[in-house]
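*Asks:* One-letter residues, chain by chain:
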Amino acid sequence: MAQKKFSAWQYMVLLLIAICGPLGDTFLSRGMTSYPSISLHHPGSIIAAIFTPWIAMGILLLIGFFASYLTALSWADLTFVLPATAFGYVFIALLARFWLHEPISLERWIGIVLITVGVGFVSQGPSLTELPATGAQSGAIHAAAEVLDGEQGK
Amino acid sequence: MMLAHSTSLAETHPGPWAATAMIATIVLASTVGEVMIAAAMKSLGDLDEIRARSGLMGAIRAVLSRPLFFAGVTFLAFNFGALLYALNHLDLSLVAPASASLTLVTNAIAAKIFLKENVDRRRWTAAVLVCIGVYFLAH
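Residue numbers (this note's numbering), protein chains in the order written: chain A, 1 to 154; chain B, 155 to 293.
Among the hints, a few may not be true.
[Stated by the list, open to error] Quick look at which bits of chain A chain B covers, simulated, 3 or more residues with Cβ under 8 Å: (1) 68-76; (2) 88-98; (3) 101-110; (4) 120-130.
Since the hints were derived computationally from the structure, they do not count as laboratory data. By construction, the Cβ of each residue, glycine as well, lies at the ideal position given by its N, Cα and C atoms.
Isolated chain A, as found in the complex (with noise of 0.2 Å):
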C-alpha cells in the first residue's frame, strides 16, 4: 500500500464528505417535516418544495458531499474513504448535544467512541493500495467496465 501524506487540501474533501453528508440529510428532514403534506395527486407542490430554504440547502450540500465523495475515491480506497464518511454520525450526534441540547443515551455515547476509534485506526495506516501496471480495476469489475466501454464504442 501507498504511504503517502495528504494534502490539506485532501483533509479538507474528507472533512466534506463527513460534514455535507449528514448535514443534507437532516436539512432535508427538516425541510421536509415542517413542509405540508404532499399529495401525488399534485407533483406540483413536489417541485415547489425544492425552492424552500431547509430543502434547497439540504440538495446543495448533499451535491457538496457527492463531489467531494467522488474526488475522495479517485485517490483514497473505498475501505479508507467509508469508515471517514461514517464519522459524519459522529459530528451530527455531538451537534444535537451541544447545539439543540438533546440528551446522548449511553447506547449513543459507546456508539460514538466506537465510530471515533475505528475511523482513527483507519487513518493511521495507507489510503490507497497500489496495484500492479495493469490499472486499478480487476477481476470482474475489470470485466464489467470493458462490457461497458465496448457498448459506449458502439
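Based on these hints, arrange chain B on the given structure of chain A.
*Replies:* The following block gives chain B in isolation, referenced to the frame of chain A:
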C-alpha cells in the same frame, strides 16, 4: 379468529424472512453501486489533478464519460428505492442501523475481492468497530 388475526399482522408487519430480504436487497444494491463508482473513479486517476489540468467542466466530463459510473449510480438509485420500500413496511429503527452497518462490512469484502484493495487487519478492525458503532448510534 386466530387466522384472521395473524393475517392482519402479516399484512402490517412483514415476517423475519421478508425483513431480511428487504435489508439484504438494500445492502446488496448499495455495495454493488459503491464498488462500481469506486472502480470508475480509480480508473480515472486523481480527480484533483484532472480539475487542475482541465478545469471543473473537464473533471465533470471525465466522470460522466465512465459508463461504470452510471451503472453504479443506477444501483444506488435502486438502493434508495429499496430503502423507501423497506421504510414503508419496517421500522426506521431496524432498517437504518442494520443497512448502514452491514453495508460497511459487505463493502470491505467486495473491495477486497473486486477492487483488490489491501484490506489488512487494521481495516477489518476499523470496519467492524464502525459497523457496531453505527448500529449503536442509529438504533
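*Asks:* Identify every previously stated hint that the structure contradicts and give their numbers, smallest first.
*Replies:* none
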